[in-house]
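K.L.:
Each chain, letter by letter, is given below.
2 protein chains.
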Amino acid sequence: MTRPRIVIIGAGFGGLAAAKALKNAPVDVTVLDRTNHHLFQPLLYQVATAGLAAPSIAAPIRHVLRKQANTTVLLAEVSGVDVAAREVLLEDGERVPYDHLIVASGATHSYFGRDDWAEHAPGLKTLDDAYAIRSRVLATFEHAERLTDPAARAACLRFVVIGGGPTGVEMAGTLAEIARHTLPGEFRRFDARATEVLLLEGGPRVLAAYPEDLSESARRQLESLGVQVRLNTRVTAIDAQGVEVSTPAGSERIATGNVIWGAGVKASPLGKVLAEATGATLDRAGRVQVLPDLSLPLHPEISVIGDLAVIESSGKPVPGIAPAAKQMGVCAAANVLARLAGQPARAFAYQDYGSMATIGRHRAIAQIGRFKFGGLLAWWLWLFAHIFFLIGFRNRIAVMIDWAAQYWTMQRHARIFLADEKKRQ
Amino acid sequence: MTRPRIVIIGAGFGGLAAAKALKNAPVDVTVLDRTNHHLFQPLLYQVATAGLAAPSIAAPIRHVLRKQANTTVLLAEVSGVDVAAREVLLEDGERVPYDHLIVASGATHSYFGRDDWAEHAPGLKTLDDAYAIRSRVLATFEHAERLTDPAARAACLRFVVIGGGPTGVEMAGTLAEIARHTLPGEFRRFDARATEVLLLEGGPRVLAAYPEDLSESARRQLESLGVQVRLNTRVTAIDAQGVEVSTPAGSERIATGNVIWGAGVKASPLGKVLAEATGATLDRAGRVQVLPDLSLPLHPEISVIGDLAVIESSGKPVPGIAPAAKQMGVCAAANVLARLAGQPARAFAYQDYGSMATIGRHRAIAQIGRFKFGGLLAWWLWLFAHIFFLIGFRNRIAVMIDWAAQYWTMQRHARIFLADEKKRQ
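Protein chains in written order, with the working numbering: chain A, 1 to 425; chain B, 426 to 850.
No wet-lab data here; the hints were simulated from the structure.
One or more hints might be untrue.
Cβ-Cβ distance ranges computed for the label pairs, FRET-style [unchecked claim]:
| id | chain 1 | residue 1 | chain 2 | residue 2 | range |
| --- | --- | --- | --- | --- | --- |
| 1 | B | I826 | A | E216 | 40 to 50 angstroms |
| 2 | A | L377 | B | I826 | 22 to 32 angstroms |
| 3 | A | L147 | B | A510 | 21 to 31 angstroms |
| 4 | B | R709 | A | F384 | 36 to 46 angstroms |
| 5 | B | A510 | A | F384 | 58 to 68 angstroms |
| 6 | A | I401 | B | F809 | 18 to 28 angstroms |
| 7 | A | G185 | B | A510 | 25 to 35 angstroms |
| 8 | A | L340 | B | A576 | 30 to 40 angstroms |
| 9 | A | P26 | B | P673 | 29 to 39 angstroms |
To list a few chain B residues with every Cβ distance to chain A over 12 angstroms, as calculated [what the hints assert, rightly or not]:
| id | residue |
| --- | --- |
| 10 | D507 |
| 11 | D517 |
| 12 | H534 |
| 13 | A700 |
| 14 | G745 |
Take a look, some chain A residues computed to stay more than 10 angstroms from chain B by CB distance [said to hold, decoys possible]:
| id | residue |
| --- | --- |
| 15 | A53 |
| 16 | T72 |
| 17 | E94 |
| 18 | A194 |
| 19 | Q228 |
| 20 | R370 |
| 21 | I416 |
Just so you know, these numbers come straight off a predicted model, no measurement behind them.
Glycine residues also receive a C-beta, built at the ideal position from the N, C-alpha and C atoms.
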């Protein structure tokens, strides 16, 4: 066992791509993750909105990598990195030595310092989050069937989604779809179509990473689904009864018991650990500034990739999306092998194949090279791209069938939640 | 709204059948359940063993009953029944008045007064239970990959299933199948085939509700899967490190961190509430002795059905299985309508269409009329019967696909568990 030891922290899109790229290399790879599954995060909102079952968008990491004899997968929570000793520290005290380290521990949502908001406004990053939101959303409609006071029922049936990024837009669009198409006819004491869905965005447009005309298209598509889009609207307080917002016209209180957080993103705490140990720079969101070859200054044996890394390519910041993370994973793995062979590492160059965001049935926007479009075509393209990139043949089939059934029946099959989760309400 | 009010507590097989049987009747039906879904309990062990996703075996109650305009579904925890006032009491203080009440709140598992065992030996009755067991089972194998001490790993890889009834047999058989067929090749530090699965049964045979030769066949089939079946073995203690048993040969301690409880059953606490209020008799498991027409003595307006009821038919006790509960639901609903029409209620007559129990791949037993058989034919029969009786077209397709994929690949697609559940370990 004198082969070089490569340790990869995190089996998201970046870490998994790095591990796969090392498949046939004469190295020992250890993949550490705190869950047992790789999560196809772009479809997480579908689990949160009862459209898909969790196993359809998650694959056991060790199953994905089972044919890589040089790779060991360990379920472990990483607590730190001893850069001098070249060891990863695990929460239970164990140490995992490395010759090369690839850190791909990603990002989570941020409440901009207002962590007390988390209780009332759950965010969406993990399957736990998705289950929690699914329970809340479904329990809300159940609760409304028990209410008799019209004002209380109206507040109960008002959903506020905070943040006009991809998660916020997907959640708001899907909630509106559920209220209009899935639930009508199932309740006896109210009409589900009376549900209000508000999308609050602090800036002047939704999906601000896209060109202005696509943002405008997305806003119109949201409104055609019944979503009330409120731009230039900043949240100043959240409690169990509602949300306070400040707009150019003044401040306002919105009564609701259903807030979903899709706003801030902050990097995994390992960013700070690495910065303190190596002197690397962090940006405002806690992401690590890496060298062009994805390694850290003075530490060529440590690479940081995916949502945890800040890097430019062709003069533009590389976006925090799955294709970029995968490409970084492949590049970091190649650079590790190059260094082991005594060759120079290459600079990361981001290949932009375009990007897409979905809004709801027949509604999406897409930008591919110079082509920009919205609506039906973008939606079909989004749909097939997401099925194509899902891991596992069975998952692709399952998602295709569920979506076909949803398309025709407007039903969502994962509309179950547990008794215990209800009690957490 | 002067129509008679029928309240049904519980939307399991019995309650749902009763509600459906009232579809076109000139009555107002209210269905109360503490979860939002009807659960296809015979396949619950498949969720617990990562073979199926939860939404495949659960359907939202209000979706199932959406076309019954006379039926309202309420998510509510029932805390009691005010028999004199004819009102069902809900946990949150609300009262639901009834003219006729059908109680179908079922049963849960019992630790025979040793509730402290629950922590170490989870039982399997609800989706919460299934998720908890799935997490435990999957986390066990993950944990074994981190262990270095051989004795500790052997104990970690020893599963003890308590109770040789249908649940215990299904769990033991499936765990053995997972260890032998699903996981080999995915771990680097141990061979999953070294996993031991012990099935402990206090009596002299497994599946004691079946004829002796079928029990014997089941035992042989379990052993052919690698399960160690220990008969006449009573559990006397359970703690975090293992199980103590007493056998005719003396007492013994079995080291294990993985105990699954499939032994006792006790009736829902509503049985006791009804007994105290009406003078009805309870059996040892807390089930309510009902009259031949399923109503309570002196209370023709209250029927008890399903696992909560004790009744004989053709001189034999009616078994606590889904077909019996469904038949009771239909009978209770018919009797309610008969009484409303001033006609006599009819006595419940159980129609025995046979019964089946599954053990593992190609392994099962079945008894249909005078025919008794085990093995391949019984297994295929079990499989198609369970797909046929599943609710919802989509669920049937999903389960068929998952099972076909499992059949060919030996894989189980729902092998995911959440970070939070891992920490509960």
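K.L.:
Hint by hint, say whether it matches the structure.
P.N.:
Status of each hint after checking the structure:
Range check, B:I826 to A:E216: about 41 angstroms between beta-carbon atoms, so the 40 to 50 angstroms window is met. Against the hinted window of 22 to 32 angstroms, the Cβ-Cβ separation of A:L377 and B:I826 comes to about 29 angstroms, which satisfies the hint. A hinted range of 21 to 31 angstroms holds for the C-beta pair A:L147 and B:A510, which are about 23 angstroms apart. Take B:R709 and A:F384: their Cβ atoms lie about 59 angstroms apart, and the range 36 to 46 angstroms is violated.
Checked against the given bound of 58 to 68 angstroms, the beta carbons of B:A510 and A:F384, roughly 60 angstroms apart, stay inside it. Distance hint for A:I401 and B:F809: a CB-CB separation of about 20 angstroms, consistent with the stated range 18 to 28 angstroms. Restraint check, A:G185 to B:A510: a C-beta distance of roughly 33 angstroms satisfies the suggested window 25 to 35 angstroms. Distance hint check for A:L340 and B:A576: the Cβ-Cβ separation is about 38 angstroms, which falls inside the suggested range of 30 to 40 angstroms.
A C-beta distance of roughly 58 angstroms is found between A:P26 and B:P673, which places it outside the suggested range of 29 to 39 angstroms. For B:D507, the requirement that its beta carbon stay farther than 12 angstroms from each beta carbon of chain A is met, with the minimum near 19 angstroms. Not every Cβ of chain A is farther than 12 angstroms from the Cβ of B:D517; the closest lies at roughly 8 angstroms, contradicting the non-interface assignment. Remark: the non-interface label on B:H534 is consistent with the geometry, its nearest Cβ contact in chain A lying 15 angstroms away (cut-off 12 angstroms).
Residue placement check: B:A700 keeps its beta carbon more than 12 angstroms from all beta carbons of chain A (closest about 25 angstroms). Consistency note on B:G745: stated as away from chain A, and its beta-carbon is indeed over 12 angstroms from all of that chain's, at 21 angstroms minimum. A:A53, annotated as away from the interface, has a beta carbon of chain B within 10 angstroms; the closest lies near 4 angstroms. Its beta-carbon lying about 5 angstroms from the closest one in chain B, A:T72 breaks the requirement of being farther than 10 angstroms from that chain.
With a least CB separation of 8 angstroms from chain B, A:E94 falls inside the 10 angstroms interface cut-off, contrary to its annotation. With a minimum CB-CB distance of about 17 angstroms to chain B, A:A194 clears the 10 angstroms threshold, and the non-interface call stands. The claim that A:Q228 lies off the interface holds: its Cβ sits roughly 27 angstroms from the closest Cβ of chain B, which is beyond the 10 angstroms cut-off. With a least beta-carbon separation of about 40 angstroms from chain B, A:R370 lies farther than 10 angstroms from that chain, consistent with its non-interface assignment.
At roughly 4 angstroms, the least C-beta separation between A:I416 and chain B is not larger than 10 angstroms, which violates its mark as non-interface.
Consistency with the previously given hints fails for numbers 4, 9, 11, 15, 16, 17 and 21, ordered from lowest to highest.
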